[in-house]
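Protein chains: 4
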Amino acid sequence: MSTNQLNVGIIGAGRIGKVHAENLAFRVPEARALSITDLNREAAERVASRCGIPAVAGSADQILADPAIRAVLICSSTDTHADLIVRAAQAGKHIFCEKPIAHSLARIDAALAAVQQAGVKLQIGFNRRFDPNFARVRAAVAGGEIGAPRLLHIISRDPAPPPVSYVKVSGGIFLDMTIHDFDMARFLIGDEVEEVYTAAGVMVDPAIGEAGDLDTALIVLRFRNGVIGTIDNCRQAAYGYDQRAEILGSAGSIATGNCYPNQATISTGQCVRRDLPLNFFMDRYTESFSNEVRSFVQSVVENKPTAVSGLDGRIPVVMGLAARKSFDERRPVKLSEIQ
Amino acid sequence: MSTNQLNVGIIGAGRIGKVHAENLAFRVPEARALSITDLNREAAERVASRCGIPAVAGSADQILADPAIRAVLICSSTDTHADLIVRAAQAGKHIFCEKPIAHSLARIDAALAAVQQAGVKLQIGFNRRFDPNFARVRAAVAGGEIGAPRLLHIISRDPAPPPVSYVKVSGGIFLDMTIHDFDMARFLIGDEVEEVYTAAGVMVDPAIGEAGDLDTALIVLRFRNGVIGTIDNCRQAAYGYDQRAEILGSAGSIATGNCYPNQATISTGQCVRRDLPLNFFMDRYTESFSNEVRSFVQSVVENKPTAVSGLDGRIPVVMGLAARKSFDERRPVKLSEIQ
Amino acid sequence: MSTNQLNVGIIGAGRIGKVHAENLAFRVPEARALSITDLNREAAERVASRCGIPAVAGSADQILADPAIRAVLICSSTDTHADLIVRAAQAGKHIFCEKPIAHSLARIDAALAAVQQAGVKLQIGFNRRFDPNFARVRAAVAGGEIGAPRLLHIISRDPAPPPVSYVKVSGGIFLDMTIHDFDMARFLIGDEVEEVYTAAGVMVDPAIGEAGDLDTALIVLRFRNGVIGTIDNCRQAAYGYDQRAEILGSAGSIATGNCYPNQATISTGQCVRRDLPLNFFMDRYTESFSNEVRSFVQSVVENKPTAVSGLDGRIPVVMGLAARKSFDERRPVKLSEIQ
Amino acid sequence: MSTNQLNVGIIGAGRIGKVHAENLAFRVPEARALSITDLNREAAERVASRCGIPAVAGSADQILADPAIRAVLICSSTDTHADLIVRAAQAGKHIFCEKPIAHSLARIDAALAAVQQAGVKLQIGFNRRFDPNFARVRAAVAGGEIGAPRLLHIISRDPAPPPVSYVKVSGGIFLDMTIHDFDMARFLIGDEVEEVYTAAGVMVDPAIGEAGDLDTALIVLRFRNGVIGTIDNCRQAAYGYDQRAEILGSAGSIATGNCYPNQATISTGQCVRRDLPLNFFMDRYTESFSNEVRSFVQSVVENKPTAVSGLDGRIPVVMGLAARKSFDERRPVKLSEIQ
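Protein chains in written order, with this note's numbering: chain Z, 1 to 339; chain Y, 340 to 678; chain U, 679 to 1017; chain W, 1018 to 1356.
There may be inaccurate statements among the hints.
Said to hold, decoys possible - In the DMTMM-like style, the derived pairs of lysine to aspartate or glutamate whose C-alpha atoms are separated by at most 20 Å in a straight line are:
| hint | chain 1 | residue 1 | chain 2 | residue 2 |
| --- | --- | --- | --- | --- |
| 1 | W | K1342 | U | E873 |
| 2 | W | K1342 | U | D990 |
| 3 | W | K1342 | W | E1354 |
| 4 | Y | K673 | Z | D328 |
| 5 | Y | K664 | Z | E195 |
| 6 | W | K1351 | U | E1007 |
| 7 | Z | K334 | Y | D667 |
| 8 | Z | K168 | Z | E195 |
| 9 | U | K1012 | W | D1329 |
| 10 | Y | K438 | Y | D651 |
| 11 | Z | K325 | Y | E534 |
| 12 | Z | K334 | Z | E195 |
The set of hints was computed from the structure by calculation and includes no laboratory data.
Bound-form chain Z, shown alone (with noise of 0.2 Å):
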């Protein structure tokens, strides 16, 4: 293959680590992973045999310390995000970083800085943005096709709550759940957010209360541009996973519905029927998996601004800490009290 590939290192080989380098081995030419590593070394040596790369390393230290590797995707456990940053950075490799990038600003801050210092690219895992569906959405809103955008939409719930021992550690549903939301409502606008106020409550599991958190969401926010939106979360939904966006412009409206395994309508002496919706995030976002890594690639091979920056890791977050405090102060919260 060409000499002209990226070569990758991958820091972690759960579940998403292994999504990227099964696309970066079958879907993106343009690059090749030439060693991952995990804590669980053997995680990291069967997503190694399955996907043809050649070396698994011992820890993420061997993996920047290789001359030979250029780029890093970060897949290990959220709290390594920040610190694994900012040594990829002072290795100078560009990097690939799953969201969030830590769950405090300071940490988030101490990162960017860094990676600003080494001028490496840094682009934050926000997949969805690379949803056919949703750039879709973008599209319509960016080409002008339903005029200047008023009222927004997002409805993202899962099909059912994570184990409540994740729940402790994930941050809360703001920075775990809504993150993606929050960073969608920035792409389909085009602008940044104000103020968020959030109405919310425990309805699916009072174990999720318990434990500190919600599981049931409304975010009400309000851009700088003028356009008001909601977003809808919830842990669980009975008929799978729920994923939509709607937005209303002066010209006209654009509105993207769920995924479905198949096109089948099935008619009986009962109802109209057809299947349930994709119910897992990995085929519902299969192809926006492998957009967004060949978009790091191309950006680090083309030496283009990657499509999603350190700062679009960073504002999420903010908006997620504001959605917290609206809700614990019953109020809405401008992102500025937020430091």
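Since the structure of chain Z is already known, use the hints to place chains Y, U and W on it.
This is chains Y, U and W only, laid out in the frame that chain Z set:
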């Protein structure tokens, strides 16, 4: 026809008075309109001729004084509703009155007191409850098809704003437009709202803002039972009249879409398309108007409670006042704050 | 009401006679039913009372002899249609007659000759042309929205078969059921069929086969202009009344779907579903019945040709006879073979 | 990778050969392509490089002589299929062969005899059976969800006709295009067709007619079990690739629609619209191609019968010949007439 028919008088022969007169004449065999009146006598005469109403009265008082008439439909301008309710109640007539009863709670309470004292029936004209689409949503909730409700969304957008001259006397978007959606929210969930929060703006026409009103709004609702929801209003949707609702429950969701003039889909080299939805509330809600008047007639004939009580007319006005207060004070407002 | 109203007599107070009487009374202000008759006098009296028809006639002759009546609606049983057309024409009445005129071409031709000789208007009751869905398909073809038509599909399935006693006198599926679709095919394409080919069987109920009829059929149509198409008929569809059409043209296609009682979609852990389509032709085609009678009345009042001529009543019978001949002889049959 | 992998050779590196090579490389871990060949050696080299295939063979014979190769994919031009099947069988290789095997039954029968004699496996490339949409329709029939099938409709239209130069060597529309639909009809119903009747014409391009072929066709199918159905083919649909099927059964119906690049709906002042369906068979049937090759590989590895047998490759050719004979003789033709 039957001697058991309910004899009715109609006060007001404008757009909505004409609709009720036609429905009584052609679709509600249990009732007969004996008399109609309007400040514009020619309008009353046209409707009488069209609908076979034998008499055109010179005033509302003449109708209220007619012993052959057992019930009246109050279809005159909003500022006359409360006073006519009082007089009709004192005359012992059963009353169907268009929404809203009044913009002031004091006037509403006086009207409701008169109704209670007289022991007559009162139904408020929230016709959308009788629309087959929204009725189906309510049936799904009431019948447990989607489990316990969690999240509600109502989208209610007009094709085009009314003239600014009307806006000035309308009582504002919350009492003029959202009032239907406040009623719908209570009807669909079957519970009371405790608190509202409003995010709104002037996005359609600056003249509406200059008149002291808003044209685009999101209202967050918090119900006593924990359900949270939103109402989305805009005075202008380029594609026409947009009237939808969606509820997420613990066992599933129900969503109802717009109504179209036909079911045809056209595919060309440009796109796959259909004609615009029904654009006028008379077309969109045709069936609901005849259903509501028949429901009122049956309540009187069979001596049952009406489907939309006087209290059902009062509460949405409280909600409208709270929504405006929330906008003005930029904070969530409890309904209990509104006196 | 207006002195320009068309005075009408109604012959037959069964299911369809009642529909026309109600539409005349409540939805066609340009006409007034003066008299109605039925072999079952009580049925006629009930309809007269419901619709405000002043007289119940003792016979069709009495109606035909009434000089105040300018037009008649023939809604009696099929075997009486042709003879009543002849007598009505001789009496100088304009005629609306339910389909089919007769099962025999000789009787049809005698009826059409009488109409022509008398110079009265005749409209045949192919109501589906006036359905907003099929009218939209026709408009797309006539207006060039899909270019030159190439392929046509009509799907027309009943919820359940009629009683076998009815099947025996029905004239067979092609003259009883497909006849509507033969008319629809000519109407949608705007051209004449030259040849038909039938594949059919007994799949719903063996008793229908024992009565000499078929219950499931595909009929291939070849039009003079080269268009080819199919009609799909079944006497039983588990999910209800299925009435669709689709046309492929050189510039695109148009397809129209079924009509539903509401636009609600329910998503549960099992499926995404909606309620069954409107199940009864009275519900499905409500609007078409009032449109067709109003169209007839306007043709008379404004002295214009009727929208569905006597020839439009004859040709589908020819097609039905050809379709049966094709089935019997297992070969394509030209319409010119049918005398 | 695993030593249990099936070693495969690929004969033909054109459009479809490339698809199979990529699927083997990236989506079928149970197999490995060892060698590829093409008359155009550069094409073979490009595919080999892209897909990591270690060798480019100088000829099919070289592949067939390679003892390391256990199975071949025949992706060369149609006229070479039958002969290559014979030679591959004689070489003891398992065979996946693109459709059709040949245009002549004699050549097909010779190929199938060689396969049977050698005892190797043969799968024919009717990929659409592996499409999730059509597979769902089949599952509904096989699983009894719609009861006993009665009526079948397949719509299969290309976005645009192939060049006339291709039409001339294509074997005609029935062997080139409808052949997929003949297979689909048998697959969906799970029974054999006894008789076909064809109505067809030249509506897209007169040059296709001058080449002796047709471009628009309806074929009526009569199955042994009584089911009747139609196939609708057109070489040109303005809106793109149209691939649908619908079956009516005694207990309900199932219909599958087209696939779209996104689920977005745009509403403007003109219409409610969505983007055109996936327009190219590579996009529309992506998943089916990888599914079919994986199915073949698994059949060999697990020593099971292939999902699409040699007989499944023969029968659609018989149907195509019968369809043409029906058109030529303007009469229904039994498959038993085709020798």
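Against the structure, the hints:
1. With a C-alpha separation of about 18 Å, the suggested pair K1342(W) and E873(U) falls inside the 20 Å cut-off, and the hint holds.
2. With a C-alpha separation of about 35 Å, the suggested pairing of K1342(W) with D990(U) is violated against the 20 Å cut-off.
3. Distance check on the hinted pair: K1342(W) and E1354(W) sit about 10 Å apart at the alpha-carbon level, within 20 Å; holds.
4. For the hint linking K673(Y) to D328(Z), the alpha-carbon distance of about 17 Å falls within 20 Å, and the restraint holds.
5. A threshold of 20 Å between alpha carbons decides the hint, and for K664(Y) with E195(Z) the separation of about 18 Å falls inside it, so the pair holds.
6. Restraint check for K1351(W) and E1007(U): satisfied, since their Cα atoms lie roughly 15 Å apart, inside the 20 Å limit.
7. For the hint pairing K334(Z) with D667(Y), the CA-to-CA distance comes to about 17 Å; that is within 20 Å, so the pair holds.
8. Annotation: proposed proximity of K168(Z) to E195(Z) is violated, straight-line Cα distance about 27 Å (limit 20 Å).
9. Between K1012(U) and D1329(W), the direct Cα distance comes to roughly 36 Å. Violation of the 20 Å bound is thereby established for this hinted pair.
10. Taken as a hint, the K438(Y) and D651(Y) pair is honoured in the structure, with Cα atoms around 10 Å apart against an allowance of 20 Å.
11. Annotation: proposed proximity of K325(Z) to E534(Y) holds, straight-line Cα distance about 18 Å (limit 20 Å).
12. Our distance criterion of 20 Å between C-alpha atoms is met by K334(Z) and E195(Z), whose separation comes to about 4 Å.
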